[in-house]
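A.B. asks: Residue strings, one per chain:
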Amino acid sequence: SVMATPRADDWSWFPALALGVSFLKCILINAYHSTDFEVHRNWLAITHSLPVSKWYHENTSEWTLDYPPLFAWFEYSLSHVAQHFDKEMLVVQNLIYTSPATILFQRLSVIVTDIVFIYAVKECCRSVREEKGSKDLLGHPFFILAALLLWNFGLLIVDHIHFQYNGFLFGILLLSVARHLQGRHLEGALLFTVLLNLKHIYLYIAPAYGIFLLRSYCFTKDNTDGSVRWSSFSPVRLVALGSIVISVGALSFGPFIAMPAVLSIWCRPRGARGFLRCLVVCALGSFMFGWHVHEKAILMAILPFSILAVESREDAGIFLMLTTTGHYSLFPLLFTAAELPIKVLLMLLFTLYSFTSLKKLFRGSLLNPLETTYLLGLVAVEILCEVVYPLSPWQHTLPFVPLLVTSVYCSLGVSYSFIRLYVSLLRQHGTDKHKQL
Amino acid sequence: MENWSLVSICVLFGLTARWAVSLNSYSGAGKPPMFGDYEAQRHWQEVTYNLPVHEWYFNTTDNNLNYWGLDYPPLTAYHSLLCAHVAKLINPDWVELHASRGHESYGHKLFMRATVLVADLLIYIPAVVLYSFYLSEGSNKKKVCTVLCILLYPGLILIDYGHFQYNSISLGLALWGVVVLGLGWDVLGSLAFVLSLNYKQMELYHSLPFFCYLLGKCFKQGLAGRGLFLLVKIAVTVLVTFALCWLPFLSDPGQILQVVHRLFPVGRGLFEDKVANTWCSLNVLIKIKTILSTDTQLYFSLTTTLLAILPSSIKLLMKPTLWQFKLALVNSSLAFFLFSFQVHEKSILLPAFMLPLFLKDGLLVPYVVTSLAFLFFSIYLLSAFEHCSEDKLRLGPYRRLLICMPRMDLGRVTKWKFYFSITAMAGLSFMSVALAPPDQLPDLFPLLVSVFSYLHFLGLLLYFNIVQIAEPLQSVRKNQKKSN
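Residue numbers (the working numbering), protein chains in the order written: chain A, 1382 to 1818; chain B, 8 to 491.
Chain A extracted, bound-state conformation (with noise of 0.2 Å):
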């Protein structure tokens, strides 16, 4: 029974995880749906009904294709499925068509395509560092790590309710991240790489790849006191790594803002998990100071900070400050009075049991007063902007306010955790060497 004290390789609970969350996402199949639907709809249609030359040309709906080839290529293969379900759905003309059938295959869609996602979590949980002594289920880094990836708030309400494909995409970047903590460097760059070609969004985070893989992967010996051993360079391995990275090599001076931060995984690497805490930071960066970023970019930094949150006490505060404000700033994207209560409950059950979970696993208390004041106050502004705001006379003339409220609010918790985060990353120089890469 999956109660008593289980062995060390009974796994049996993490598929009961995976299928739970996934009746929770077949049950949302009718919620609301954003444009993002229509957006995909008419991406099926463009692949599948027009020659190849023509997909980045055809503009009869105002949602053109903007992402890179492989992911055309993806619309392309789900095409041939979606022709079972309801043949209109996939001639361009058909703008805005959402068929019974159309809502059903495009949901369950994502729904199957998160088997990818599913994966990468498993194979994460089995590089976490596992911790001695009996604890029971619920109380090991892996489960919990498992439960915050796979019922992950936002990725729920991104892509289950708002329609998106991030399920998959992280999959990728998530098992790309596992294959580095498991020292199996060829492989993450490919998947990268595979990502990359997904969507450009992830970009963003590839300066934390290119110097990583340069430095630790192409360099196979440091000195002793951790710099680099210029003789140790590989030629065989560079030559390796850029058959399949290009793209990641000639963009790795990007954004100038995460430049300390990189630099920091040349001089001093700390193997895989520095890597990870550098992409953490880039992706965070990114989203603090790049262009025409949406809110949903925010989870690129939650998500691989999961890991790190499960392993270290300092991270687990700082991944408590971040998701909770912001998932939170993801409220807006479902702004429809139905599924206000399927917002806050999931909300409020993913808060619960990261905040439970963590501090049983760290035992104590993970956040100082003034953060848990912070936190509280985010109710305070759900009831500002959902519930007083809209009754009252400015709602007419002020109606942007609310989310004015919001994004300023939400602003300060996410920058305070990039702060922190990068000052963590720093300050890791010269603390002990020992730690284990």
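It is possible that part of the hints are untrue.
As the list claims (entries may be wrong) - Straight-line Cα separation of at most 25 Å, DMTMM-like style, residue types lysine to aspartate or glutamate; simulated pairs:
id: 1; chain 1: B; residue 1: K367; chain 2: A; residue 2: D1467
id: 2; chain 1: B; residue 1: K116; chain 2: B; residue 2: E103
id: 3; chain 1: B; residue 1: K95; chain 2: A; residue 2: E1767
id: 4; chain 1: B; residue 1: K95; chain 2: B; residue 2: E62
id: 5; chain 1: A; residue 1: K1503; chain 2: A; residue 2: E1692
id: 6; chain 1: B; residue 1: K116; chain 2: A; residue 2: E1763
id: 7; chain 1: A; residue 1: K1516; chain 2: B; residue 2: E144
id: 8; chain 1: B; residue 1: K333; chain 2: B; residue 2: E478
id: 9; chain 1: A; residue 1: K1503; chain 2: A; residue 2: D1447
id: 10; chain 1: B; residue 1: K227; chain 2: B; residue 2: D259
id: 11; chain 1: A; residue 1: K1435; chain 2: A; residue 2: E1469
id: 12; chain 1: A; residue 1: K1468; chain 2: A; residue 2: E1439
id: 13; chain 1: B; residue 1: K149; chain 2: A; residue 2: E1767
id: 14; chain 1: B; residue 1: K224; chain 2: B; residue 2: D193
id: 15; chain 1: B; residue 1: K116; chain 2: A; residue 2: E1767
id: 16; chain 1: A; residue 1: K1580; chain 2: A; residue 2: D1447
id: 17; chain 1: B; residue 1: K38; chain 2: B; residue 2: D100
id: 18; chain 1: B; residue 1: K95; chain 2: B; residue 2: D78
id: 19; chain 1: B; residue 1: K148; chain 2: A; residue 2: E1511
id: 20; chain 1: A; residue 1: K1516; chain 2: B; residue 2: E9
id: 21; chain 1: B; residue 1: K148; chain 2: B; residue 2: E9
id: 22; chain 1: B; residue 1: K333; chain 2: B; residue 2: E103
id: 23; chain 1: B; residue 1: K148; chain 2: A; residue 2: E1568
id: 24; chain 1: A; residue 1: K1741; chain 2: B; residue 2: E9
id: 25; chain 1: B; residue 1: K38; chain 2: B; residue 2: D69
id: 26; chain 1: A; residue 1: K1741; chain 2: A; residue 2: E1692
id: 27; chain 1: A; residue 1: K1740; chain 2: B; residue 2: E9
Keep in mind the hints are simulated off the structure, nothing from the lab.
Just so we're clear, the structure is a prediction, and the values are computed from it rather than from any experiment.
We have chain A already, so just place chain B on it with the hints.
C.D. replies: Relative to the frame of chain A, chain B by itself:
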């Protein structure tokens, strides 16, 4: 993790599942002129808000009983009145006399769904949590799993949040009754059950067990002393509660009669539609509806129901323990469902057997998902298949009955029977959705579903009766760990 956080997570998950189902369609959506149960509930709010109490159950110019006339006891009416007051605050159009008929809108649907959620949260869910923690056995983890599985039960979710009803109130109150009785507070327990009965007359299905259990307890405590005192206390509580619920109608006997007439529509015949009980299934072979007169049908069904419930009730009277009480509840409700008059398929609240109803409502996807989820979680979390031994299933009496048959592992037989049933149910569900019935037999699939279900219910009735009756009157002292 501490219990409170685990339970909160289960409750939050249960609430999410409920609200997600409520995003789907409801009974009678977009189907004038009669619509469905959703419109019925809205109509009752309109009637109770705008008309004086003595007109609620009567046919008047303002109140046409043919259009969803009130046919539940007074507590439902008071609840509708309360909701109507809230509705009036938000949007008076929703309860406007006559003008609001067939009103359907986004905002109104949200309001109606919200009323179900609030009632559930206040009444049913706390009862489930308390029941799992105080009245079920096992470790704390096991109790949390019990909470989760009960909260995920698809029948209640689909009927209350999909089709649209307020079963969580009556079931919740009855469950409060069970919990409170289990804690030993007999008077409060009877109060809770009387309230439940006054919300939906369907709770009569559970009335005999409550009655026999409490009466049995009184006998046990000795009718010469404390037992009599207890009996008097309970009787007074019951009568006073009834009186309070029916207060506005007590002034005129004609009122009381009319309400009873609405609650028990004896004029409507033995059964309607396809329902998985004896009469409907029997009708396939012998057309009893046409052979017997309505009065004969009534007496016949009453007699058979009482006969079916008799063994279980007597056993409970003789041995009023909590375990017997729980068994009797199952037996009583099954017996009533199978044999009584004018039963509706919703009364059983068992999802697979309400499939035709859900298809009509457009609730196929929620039905499939919630049923699969419930099956999976029950089997996985409560380790159902591991407890499939003869001992655990209490199949001892069967072993004695089947003494002439070759030696076989009844536990495994049960397990395979379960697989077979599930496969058959899936097959029937699939056929009902995907295939068209032959022209000579247009009702083929609903009929197959109901007969198949009927056989299962009959089997369950027999099984639980045997389990309840076979338990020895005095528990063996050595066996102190035997569950209560």
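A.B. asks: The structure should be examined with respect to each hint, and the outcome stated for every one.
C.D. replies: Now for the hints, and whether the structure bears them out:
For a cut-off of 25 Å, the pair hint linking B:K367 to A:D1467 stands: about 22 Å separates their Cα positions. With a C-alpha separation of about 16 Å, the suggested pairing of B:K116 with B:E103 holds against the 25 Å cut-off. For a cut-off of 25 Å, the pair hint linking B:K95 to A:E1767 stands: about 22 Å separates their Cα positions. The hinted pair formed by B:K95 and B:E62 meets the criterion: a straight-line CA distance of about 20 Å does not exceed 25 Å.
The suggested pairing of A:K1503 with A:E1692 holds, with an alpha-carbon distance near 16 Å, which does not exceed 25 Å. At roughly 23 Å between alpha-carbon atoms, B:K116 and A:E1763 fall within 25 Å of each other, so this suggested pair holds. A C-alpha spacing of about 23 Å is found between A:K1516 and B:E144, which places the hinted pair at or below 25 Å, so the restraint holds. The straight-line distance between the Cα atoms of B:K333 and B:E478 is roughly 13 Å, inside the 25 Å bound, and the hint therefore holds.
Distance restraint check for A:K1503 and A:D1447: the Cα-Cα separation of roughly 31 Å exceeds the 25 Å cut-off, and the hinted pair is therefore not satisfied. With a C-alpha separation of about 40 Å, the suggested pairing of B:K227 with B:D259 is violated against the 25 Å cut-off. Restraint check for A:K1435 and A:E1469: satisfied, since their Cα atoms lie roughly 20 Å apart, inside the 25 Å limit. Annotation: proposed proximity of A:K1468 to A:E1439 holds, straight-line Cα distance about 19 Å (limit 25 Å).
Between B:K149 and A:E1767 the CA atoms are separated by roughly 38 Å; this puts the pair beyond 25 Å, and the hint is violated. For the hint pairing B:K224 with B:D193, the CA-to-CA distance comes to about 9 Å; that is within 25 Å, so the pair holds. Distance hint between B:K116 and A:E1767 is fulfilled; the C-alpha atoms sit about 19 Å from each other, no more than 25 Å. At most 25 Å may separate the alpha-carbon atoms for a hinted pair to count; A:K1580 and A:D1447 meet this at roughly 9 Å.
Taking the CA atoms of B:K38 and B:D100, the gap is near 20 Å; set against the 25 Å cutoff, the hint holds. With a C-alpha separation of about 23 Å, the suggested pair B:K95 and B:D78 falls inside the 25 Å cut-off, and the hint holds. Pair hint B:K148 plus A:E1511 holds up; C-alpha atoms about 23 Å apart against a cutoff of 25 Å. The straight-line distance between the Cα atoms of A:K1516 and B:E9 is roughly 14 Å, inside the 25 Å bound, and the hint therefore holds.
With a C-alpha separation of about 10 Å, the suggested pairing of B:K148 with B:E9 holds against the 25 Å cut-off. As the CA atoms of B:K333 and B:E103 are separated by approximately 45 Å, the hinted pair breaks the 25 Å bound. Of the supplied pair hints, the one linking B:K148 and A:E1568 is violated, its CA atoms being roughly 40 Å apart against a limit of 25 Å. As the CA atoms of A:K1741 and B:E9 are separated by approximately 9 Å, the hinted pair is consistent with the 25 Å bound.
Our distance criterion of 25 Å between C-alpha atoms is met by B:K38 and B:D69, whose separation comes to about 23 Å. Using a Cα cut-off of 25 Å, the hinted pair A:K1741 and A:E1692 holds, with the two alpha carbons roughly 13 Å apart. For the hint pairing A:K1740 with B:E9, the CA-to-CA distance comes to about 11 Å; that is within 25 Å, so the pair holds.
When the structure is compared with the earlier hints, violations turn up for hints 9, 10, 13, 22, 23 and for no others.
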